[in-house]
Amino acid sequence: MSVKTEAVGKEWPATTYEVGKEKIGEYARVIGLDNPVHFDRGAAEAAGYRDVVAPPMFCVVYSAPALGPAMFDPEVGMNFAAMVHGGQEFVWGEPACSGDEITTTAKCLEIYEKDGKGFYVFETVSVNQDGAEVVRGTWTNIVRGV
Amino acid sequence: MAELSAGEQIAELKVTPDKYLPHRYAGASGDFNPIHIDPEFAKAVGLPNTILHGLYMMGLVARAATDAAGGDPKALKRLSVQFRGMGAPETEIAVTGAVASVEDGKAVIDVVAAQGENQTIRNAEAEVAL
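Residue numbers (the working numbering), protein chains in the order written: chain U, 1 to 146; chain L, 147 to 276.
Honestly, the hints are just simulated from the structure, not real lab data.
It is possible that some hints are incorrect.
Claimed, not checked - If you want the ones that stay clear, here's a sample from chain L, every Cβ over 12 Å from chain U, calculated:
id: 1; residue: Glu149
id: 2; residue: Ser151
id: 3; residue: Glu154
id: 4; residue: Gln155
id: 5; residue: Asp177
id: 6; residue: Glu236
id: 7; residue: Thr242
id: 8; residue: Asp250
id: 9; residue: Ala260
Said to hold, decoys possible - With a cut-off of at most 20 Å between alpha-carbon atoms, the simulated SDA-like pairs for lysine to any residue come out as follows:
id: 10; chain 1: U; residue 1: Lys23; chain 2: L; residue 2: Asp177
id: 11; chain 1: U; residue 1: Lys117; chain 2: L; residue 2: Gly192
id: 12; chain 1: L; residue 1: Lys220; chain 2: U; residue 2: Lys117
id: 13; chain 1: L; residue 1: Lys220; chain 2: L; residue 2: Val245
id: 14; chain 1: L; residue 1: Lys165; chain 2: L; residue 2: Ala240
Heads up, the beta-carbon is just placed ideally off N, CA and C, and yes, glycines get one too.
From just these sequences and the hints, can you work out the full model?
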């Protein structure tokens, strides 16, 4: 058995997400963050932000929807029953604030086989309404027994 | 502005996610994969029970790294992790780290998240602005 690699380089349609103050607060509470810049507009503005600012890892909320169609694409052909999320990297640029409209595109960077496992590496790039890059994610999924 | 120097340990973060934390994280994140919220489904696919979302634990690693840099969320510039052991609800998670290098106003911090001996996130590297 071996992995299919024809999806390497493929890009999927962009998704757009409008960041909201209460959604930021919901995420921040689950992670246990108590910095008022995530909850209070005045505190965020006093700290130099345009509006309530999202915690860095809130990026999963607005960037993951772009990845869905890539993960389920038959051309990629991942076996979900044997898949684990093996690794993740994010590189942050402009902070994401309430009111931002963030557009994310997903691309397949690499598919390869190593030690009997399939490695499926995707990249998401998210930009805000001004065209500034907010975050770049590298998502590595590992499938056992390919 | 935080001051960090190479070799320094960052403050340890200890969190015990309650039984329903994965449900709240699913709602907050939009990731409703049933392996995180449905014990019957988790067992049917060979897991001991429901497991924590890896990205939740990565969120805790980001929190510890941000705190080490002084607490401003925009201090965290890059975070890469490897997910290894599975995380369980109702078990304490300890996030520990040490400063690997400090250069040009940026520090690189090596971080691990573990439940006892089970390292759920290893080889994590956080780059923070000082």
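Under the constraints set out in the numbered hints, which ones does this structure not fulfil?
Checked against the structure, the hints that fail are numbers 5 and 12, while the rest are satisfied.
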